[in-house]
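Spelled out from the first residue to the last, the chains are:
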Amino acid sequence: EPEVTQTPSHQVTQMGQEVILRCVPISNHLYFYWYRQILGQKVEFLVSFYNNEISEKSEIFDDQFSVERPDGSNFTLKIRSTKLEDSAMYFCASIGLGMSFYNEQFFGPGTRLTVL
Amino acid sequence: ELKVEQNPLFLSMQEGKNYTIYCNYSTTSDRLYWYRQDPGKSLESLFVLLSNGAVKQEGRLMASLDTKARLSTLHITAAVHDLSATYFCAVDMNRDDKIIFGKGTRLHILP
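Chains W and R, in that order, are what the protein sequence lines are. If you're matching positions, the first sequence starts at 1 in the working numbering and goes up one per residue. If you're matching positions, the second sequence starts at 1 in the working numbering and goes up one per residue.
Only chain R is shown next, with the shape it has when bound in the complex:
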């Protein structure tokens, strides 16, 4: 059974600091997703990582994937308050398969 684990689950950080969220998954997969969710809102797709060594960056967020280690990271550079949200990583086994989500990392950035 595919399992996805994120850590930390809660993160409070100061503006301007850097931090990394980690996502481990239990079974071989070449497809990993990062989503952002604001309170009461839907899931906003941030990144889709499709191969080993994939790295994608958007603004202050950078995601990477190591399929051999079954690990993805979401790195936040010089955090700003607007990045406060819950971030989910998720994995699927095949392109038409269900997506399995981690528990999410609730990120709170203090001004």
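Extracted from the complex, chain W is given alone in its bound form:
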């Protein structure tokens, strides 16, 4: 069964460093999302991406964040200068939008980012 994959599973970085989180969505999917979950809290929307541009972004997604689909398969989230409060689990999701009304976002396994 197709699945969304994410790498790395765990990333540890120093405050102020840049990190890139990688996702490979399901191959025929068209819409891509990043969510984050601070430990013990709810899952929060960061950004959606369609047709090589951002569709919507949340207040969390400030200038330190960027997304890219560099090669038609990977979908990346970059944090330019990490802060302690960026420590969280980051989930990638994708959706295919076929002919059926029933379209569910498929979530990846997540990348746990720890900023020291």
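Treat the hints with care, since some could be wrong.
As the list claims (entries may be wrong) - Restraint-style ranges between C-beta atoms, simulated for each label pair:
hint, chain 1, residue 1, chain 2, residue 2, range
1, W, N28, R, L2, 23 to 33 Å
2, R, G59, W, T5, 22 to 32 Å
3, W, T76, R, Y22, 32 to 42 Å
Keep in mind the hints are simulated off the structure, nothing from the lab. Beta carbons: idealized from backbone N, C-alpha and C, even for Gly.
Given chain W, put chain R in place with the hints provided.
Below, chain R without anything else, positioned relative to chain W:
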């Protein structure tokens, strides 16, 4: 702004008992999701409810949706320890829209 509220946020219950988790949302939507999350793990999709009156069951879990009341319930029947996890309900407005999550219900089932 779409908001999703769950209650209770914490639930400790004995094996064999029944209980219900409630999910209210603030804006009309016909798409509601229930997810399970084990500690440190990803989100496991349990149910997708797409219409008013929808009811779905899987094992000891049953989910229902009342779009007029903007309420969904997740009912647990004869709980077993393996059901211990955090359960999230979530809603989106359109099929390509972001998903808004509730805060989650942390369920602990005592043997």
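Cross-check of the supplied hints:
no., hint, in the structure
1, W:N28 with R:L2: 23 to 33 Å, "28 Å, holds"
2, R:G59 with W:T5: 22 to 32 Å, "28 Å, holds"
3, W:T76 with R:Y22: 32 to 42 Å, "38 Å, holds"
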